[in-house]
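Asker: Sequence:
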Amino acid sequence: MDPVTATPLSTWRFPGTLRTYQAEVLERLAPGGAGPLHIVAPPGSGKTLLGLLLAAREGHRTLVLSPTVTIRQQWVRTAGALAPQAAAVSHDPARIGDLTALTYQLLSVTGDGSPFDDLARSVWVEELTASGRMEADAATWLAELAIDNPGRYRSGIRTRSRRLRSHFARRRPADLARVLHPNALALIDRLVAAGVRTVVLDECHHLLDHWAIVVAYLAGRIRESGVEPLLIGLTATLPSPDDETEFENYSQLLGEVDYEVPTPAVVKEGHLAPYRDHVMFTEPTPAEAGFIRRHEALLHEMITRVLSTPDAVSYLEHQLQPAEDSDGEGTPLTRLDRAFSADFPLTRSCAVVLREVAPQHPLVAAIPPVLLERCTTDDLLTVLSRFAQVRLLSDPAAARQWEYVRRSLADFGYSLTDRGIRRGRNPVESTLAFSAAKDHAAVEILRRELDGDDGDRVRAVVVTDFVEHGNNRGLSGDAPAGALRTFDLLAVDDATAALRPVLLTSGHLRVRADDAVDLARALAELIGEHVEVAAGIGPVRDLEVRGVGSGRLVGAVSELIRRGDVRLLVGTRGLLGEGWDCPAVNTLIDLTTVATSSGTQQLRGRTLRLDPDWPEKVAHNWSVVCLIPSDVDLDDSSEPARLRRRHSHLWGLSADGDGRIVSGLGHALPTAVAEAWERVLDKDTSTSIGDLDALLREQWPTRSSTRSEWRIGERYEPREREVVAVRRAPRAPLLRTAQAAGAGAVGSFVAGTAGVGGLVGVLIASGVDVAPLLWAALALGGGAAAAAVSSLRMLARLLRDRRRPAGIYRAAAIAVARTLHDAGRIGPVDDAMIVARPDDADSTRIRIELGGSAHDARVIADAVEELFAPVRTPRFLLRIDAAGLPRLRLLERLADRLSPGRTLLAAPRLIARRRGDAERFREHWQALIGTCTLHELTGVQGLALLRIARSADDRLDAAEPRARVWG
513 MDPVTATPLS
523 TWRFPGTLRT
533 YQAEVLERLA
543 PGGAGPLHIV
553 APPGSGKTLL
563 GLLLAAREGH
573 RTLVLSPTVT
583 IRQQWVRTAG
593 ALAPQAAAVS
603 HDPARIGDLT
613 ALTYQLLSVT
623 GDGSPFDDLA
633 RSVWVEELTA
643 SGRMEADAAT
653 WLAELAIDNP
663 GRYRSGIRTR
673 SRRLRSHFAR
683 RRPADLARVL
693 HPNALALIDR
703 LVAAGVRTVV
713 LDECHHLLDH
723 WAIVVAYLAG
733 RIRESGVEPL
743 LIGLTATLPS
753 PDDETEFENY
763 SQLLGEVDYE
773 VPTPAVVKEG
783 HLAPYRDHVM
793 FTEPTPAEAG
803 FIRRHEALLH
813 EMITRVLSTP
823 DAVSYLEHQL
833 QPAEDSDGEG
843 TPLTRLDRAF
853 SADFPLTRSC
863 AVVLREVAPQ
873 HPLVAAIPPV
883 LLERCTTDDL
893 LTVLSRFAQV
903 RLLSDPAAAR
913 QWEYVRRSLA
923 DFGYSLTDRG
933 IRRGRNPVES
943 TLAFSAAKDH
953 AAVEILRREL
963 DGDDGDRVRA
973 VVVTDFVEHG
983 NNRGLSGDAP
993 AGALRTFDLL
1003 AVDDATAALR
1013 PVLLTSGHLR
1023 VRADDAVDLA
1033 RALAELIGEH
1043 VEVAAGIGPV
1053 RDLEVRGVGS
1063 GRLVGAVSEL
1073 IRRGDVRLLV
1083 GTRGLLGEGW
1093 DCPAVNTLID
1103 LTTVATSSGT
1113 QQLRGRTLRL
1123 DPDWPEKVAH
1133 NWSVVCLIPS
1143 DVDLDDSSEP
1153 ARLRRRHSHL
1163 WGLSADGDGR
1173 IVSGLGHALP
1183 TAVAEAWERV
1193 LDKDTSTSIG
1203 DLDALLREQW
1213 PTRSSTRSEW
1223 RIGERYEPRE
1233 REVVAVRRAP
1243 RAPLLRTAQA
1253 AGAGAVGSFV
1263 AGTAGVGGLV
1273 GVLIASGVDV
1283 APLLWAALAL
1293 GGGAAAAAVS
1303 SLRMLARLLR
1313 DRRRPAGIYR
1323 AAAIAVARTL
1333 HDAGRIGPVD
1343 DAMIVARPDD
1353 ADSTRIRIEL
1363 GGSAHDARVI
1373 ADAVEELFAP
1383 VRTPRFLLRI
1393 DAAGLPRLRL
1403 LERLADRLSP
1413 GRTLLAAPRL
1423 IARRRGDAER
1433 FREHWQALIG
1443 TCTLHELTGV
1453 QGLALLRIAR
1463 SADDRLDAAE
1473 PRARVWG
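Throughout, the working numbering is defined as the position within the sequence shown, counted from one, plus 512.
Derived by calculation from the structure, the hints in this document are not laboratory data.
Every residue gets a Cβ at the ideal spot worked out from N, C-alpha and C, and that includes glycine.
Fair warning: there could be bad hints in the mix.
Here are the simulated EDC-like cross-link-like pairs (lysine to aspartate or glutamate), alpha carbons at most 20 Å apart as the crow flies [as the list claims (entries may be wrong)]:
no., residue 1, residue 2
1, Lys1195, Glu1472
2, Lys1195, Glu808
3, Lys1195, Asp1143
Pairwise CB distance ranges, derived in the manner of DEER restraints [as the list claims (entries may be wrong)]:
no., residue 1, residue 2, range
4, Arg1227, Ala1009, 34 to 40 Å
5, Gly544, Ser763, 21 to 27 Å
6, Arg806, Arg1223, 22 to 28 Å
7, Pro1213, Ser1355, 33 to 39 Å
8, Thr843, Asp1352, 46 to 52 Å
9, Asp1030, Ser1217, 33 to 39 Å
Generate the whole structure from the sequences, applying the supplied hints.
Answerer: Next comes the structure, spelled out in structure tokens:
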């Protein structure tokens, strides 16, 4: 058999029934395609079978690489059920089968350090040789440099290593071979010679650094044999893009994700436990709150002192009143318009800061009140950063003031450089992230869970970032944040102590003193080693076990949880993250600062395994958020941003109880709570953090109702849609039908009167005798009839629009989609894939759902969001409030007289780049909704229109303008 053309896997068959999403993957990803296949699927979704079927339809000999022996054996067992002969499957590197399953570790690199260091050293030698040295001399010189000047040597290695890390997958196999073990090279040679063309990479998010080098070398060697390899990457979680270099290396090997199996699909088919995400809001402890208030006062005082100086006020004046061009001096209002047009965010911040530091300044009165929002900490920092760059850094005479600002900001956790102000982990962020209030929140959560209908089934895990955090934020007397502090509180609370909590980290095994003897005996039976209770005083005791690794201890504690001997585990994400498997756990309390896709999904995955001892299991996953109270002016976005980012990666049941499956905060916060949360963040003192918690408790569903809401086993449509949520703005509707009707009626009356009067005049001129009074009566009657017809037509439109308010928003989205298609930005548009409907709980909230391909739906959603977002600096504005009127300037003016104000929307950027596309957008709008006019923002008139547009109410839903819907 020719190893290059052989297709031994083509006879493999799966006799069972595929799950819905497995069948869709095989249908959507055609065989024989160019490039790798990259699939993301949660644990329990059948990735192993799916990977084998993808490989089998290619037919070629296959290598499967997995991170552990346990996972490797799972591949061997599943492959054996598909293969016609058992001998076709091998896990022996000395015997290459039709499918060979190995671990990544078998193809390892040399040494304990980074493999890139060895490559960097080789590159350095090549550079020296290219400059004229002999290769041996270059190697000798580098060896001497490493001894004589190790700092300079390490610096050179790091520089070259960074360069190599960014593009190693494109290097020649011969270069990569230098850092591989000879045994690995020999094994790869055998694999290539045996005709392996398909490589399945299980848990492929591990393909960072050395394992990625091995795969890159293997793929390169297969290409050198004259065929193109097929890499199939399977993972439950993508690596974090926070490390840009590692993520780029990963992406070079596997490319973009070709298919993602959503967790809800696996839940609906009964292979993962149904779940619900919850949030508890808390506020800092009194000591922490006092620290934050002092921090707020000092930071505000420092910044306002700097920005109150004459030089700073002069800078604000210059920013708000830029110099005029050669056309003339202009008025203060037109110069202000020009400033907003040039840089809206900075100018708005300058405006509110000027009101803060010089409230009596004449310019403050000229600024539209709608733009004078509350002056936030971000506004102060934005203006201070720009002022320091423009006025202080560029002026040698201001060097001392620059240094004063730089040092002062450093005390608050900010770094001022020539690039602006960079935020580090400032003391307030650390105080909130590791607040002791979160430990008390964990106690409260467990109390509520125990009071629920399934309280006796609760098996909970509390996960923290650290065993102990090294920074107590300057709060003397406070225990360092981390797992130890959290456990100490849980161990003494009456309710949580009854759960027999255990603290398990890489260096600690701690229990309550009252439970120590019993749990030590139970652990000793499970691990077969003596467990000693360490001497101590107080409510907790350490258990000591010698010669037992953390893996065995984790397994033993997991078994205690399964048996119910332990119902609460406290640990760190390093120990209880990926790889920990305890199906009995059904409650997660996440006290970490993790917000990445991989970290978030790994933690949530700990509770979703099916529990054989509780077939009706429902998982609860809790996030705890510490907010600065609304009566404290200091702003902090770190905790809200982390919550948003964390939930943006997740799917779940809508918290509004409507059965939808959504991503984003919508599956953790009901709409009413999300709106109240926004009020707290906006410093609206009418809403407190306690109010948020009370609202959440009112709408907390039971586990059994959550299970019913998932509708497990029912048919579902595996499709995803983008959602844009908008609010109907009473003061600026998309159609001001009543006013347009009035203007249209007046216009029709005038036209009808003139028309009938003119016709009668023609009759009189032709000899017909008509009395003057009759002539006037006929003319007025004609005008009245015309006005009535116009009014009835507009009244019909008004009734239709009020009966179906979402229809206009759907038509607007269709106009956007058709224009984007005409412009070549997206593919063909199916209007049926665009749906708009009012929210069941709040009819003023309209959800616009956009289906179709993921790329096209995202592009349309981005443009629709821009269309209804607050106007900033658009190129074109669309006036759309006079729909139904003929396009006559006189009637537009008359409508404005009857109802002052205009409805102006910004043309989305993808549409506004070319005037022809903007005109096409106007045409689509007019055909679908009604009369509109397009205005390009040039000159004084354009600036005046921009001012009007910016004064309008925001149409986007403040709580959550964007989301995704599945199913």
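Asker: Confirm or reject each hint.
Answerer: Hint-by-hint comparison with the structure:
Of the supplied pair hints, the one linking Lys1195 and Glu1472 holds, its CA atoms being roughly 18 Å apart against a limit of 20 Å. Restraint check: the Cα-Cα separation between Lys1195 and Glu808 comes to about 14 Å, which is no more than 20 Å; the hinted pair holds. Taking the CA atoms of Lys1195 and Asp1143, the gap is about 6 Å. The hint holds against a cut of 20 Å. Separation of Arg1227 from Ala1009 is about 46 Å and departs from the stated range, judged on CB atoms against 34 to 40 Å.
For Gly544 and Ser763, the hinted distance range of 21 to 27 Å is satisfied, since their beta carbons lie about 23 Å from each other. Against the hinted window of 22 to 28 Å, the Cβ-Cβ separation of Arg806 and Arg1223 comes to about 52 Å, which falls outside the hint. At roughly 23 Å, the beta carbons of Pro1213 and Ser1355 sit outside the given window of 33 to 39 Å. For the hinted restraint 46 to 52 Å between Thr843 and Asp1352, the CB-CB distance of approximately 50 Å keeps it satisfied.
Roughly 36 Å separates the CB atoms of Asp1030 and Ser1217, a value that falls within the hinted 33 to 39 Å.
In summary, the numbered hints that this structure violates are 4, 6 and 7.
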